[in-house]
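**Q** Sequence:
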Amino acid sequence: MSRVLLTTLTLRSCRAWVAPHATRRRHVALRAEDYIESTANALVKRFKRCHRKKHRDAEGVVTMDAKPSHVMRHGKGTSMWSAIESVRDKQATVAVSCGNTGALMAVSMVRLRRLPGVARPAIACLWPSRNPQGFNVMLDVGADVRADAEDLLQFAMMGTSYARNGLDIRRPRVGLLNVGTEEHKGRAELKEAHELISRAAASSDFEYVGFVEGGDIPSDRVDVIVTDGFTGNVALKTGEGTAKLVVRCRMRRPKRDRLLEALDRSQRRDVHIVFRTNKVLVGLRLEGAGS
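Everything in the sequence shown is counted per the working numbering, starting at 1078 for the first residue and increasing by one.
Among these hints, one or two may not hold up.
Unchecked claim - Simulated DEER-style distance windows between Cβ atoms: (1) Arg1191 to Thr1140: 22 to 30 Å; (2) Arg1190 to Glu1227: 40 to 48 Å; (3) Pro1193 to Ala1279: 20 to 28 Å; (4) Leu1192 to His1132: 44 to 52 Å; (5) Lys1262 to Val1173: 34 to 42 Å; (6) Lys1153 to Arg1276: 40 to 48 Å; (7) Gly1292 to Lys1153: 38 to 46 Å; (8) Val1357 to Asp1297: 19 to 27 Å; (9) Thr1140 to Gly1318: 18 to 26 Å.
Said to hold, decoys possible - Lysine to aspartate or glutamate pairs mimicking DMTMM-like chemistry, simulated, CA-CA at most 25 Å apart: (10) Lys1268 to Asp1245; (11) Lys1262 to Asp1225; (12) Lys1262 to Asp1297.
Please keep in mind that the hints were generated in silico from the structure rather than gathered at the bench.
No experiment lies behind these values; they were computed from the predicted model shown.
Note that CB positions come from ideal geometry on N, CA and C, so glycine has one too.
Input sequences plus hints: build the corresponding full structure.
**A** What follows is the structure in structure tokens.
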């Protein structure tokens, strides 16, 4: 039976958040403690499985501005480090974090290690799309700003596995993000990756559709979009910002904006999903088992 460990709610982190908004330290401590207690009770009430839950205190916290290198040297004992350790020791199946992504990737790479043959783990996200499954897989969206042709091939393989096992797509369609769909466009590593992915498609049981553009990310043309971490992160943040703008415009001018009026309810819901896109680390393993 799966065990899930949620991170990173700590008394120290709550105090850090509450402190700028309060005038008395005693009041800050009480609010933080009450918030932790109420959150824990809400989790138990929501899942109704008290016997499967354990609450563990972690004194330290990884802040959003902490450098990954500093976390690697001094992060032991923080809630993030403890959560990854619990997965490594098989006390939990999944670690969920809303914290520092760079630190999370760094700690995961050191404590969980990479899958055999994987040079660079990636961060994958589910992007709302017009496909029947409702989402496309895009990776990398920020694990590493660089990626050579071999890395992009590995991203394609990992994305295909994610789409096949997570979205139940028997033969995923893979596209390589570029500035155009023509084969002569793009950087040298993209052209090389284009050839590598084309050759690997048949043996790995996926369909390679070639180069795709930014407008194809939410389309029904592909199931998996492959790119480097720099381009993927910019695309992701642009999508989040656009979704936020659309929602705000909708709230301010509900009747005057014809474009927003043309969006039906399901499309507006998808816009919210873009703004709240979750990300998954891929290419890591557990001790003695793949992950």
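**Q** All the hints need checking, so say for each whether the structure fits it.
**A** Now the hints, each set against the structure:
1. Arg1191 to Thr1140: 22 to 30 Å: Holds - the Cβ-Cβ distance for Arg1191 and Thr1140, about 26 Å, lies within 22 to 30 Å.
2. Arg1190 to Glu1227: 40 to 48 Å: violated, 19 Å
3. Pro1193 to Ala1279: 20 to 28 Å: Holds: the Cβ-Cβ distance is about 23 Å, inside 20 to 28 Å.
4. Leu1192 to His1132: 44 to 52 Å: violated, 31 Å
5. Lys1262 to Val1173: 34 to 42 Å: holds, 39 Å
6. Lys1153 to Arg1276: 40 to 48 Å: holds, 44 Å
7. Gly1292 to Lys1153: 38 to 46 Å: holds, 45 Å
8. Val1357 to Asp1297: 19 to 27 Å: holds, 22 Å
9. Thr1140 to Gly1318: 18 to 26 Å: The hint (18 to 26 Å, Cβ to Cβ) holds, given that Thr1140 and Gly1318 are roughly 24 Å apart.
10. Lys1268 to Asp1245: violated, 30 Å
11. Lys1262 to Asp1225: Measuring from Cα to Cα gives roughly 16 Å; hence the hint holds.
12. Lys1262 to Asp1297: Holds, because 23 Å separates the two Cα atoms, which is no more than 25 Å.
Hint compliance for this structure: hints 2, 4, 10 are not met, and every other hint is.
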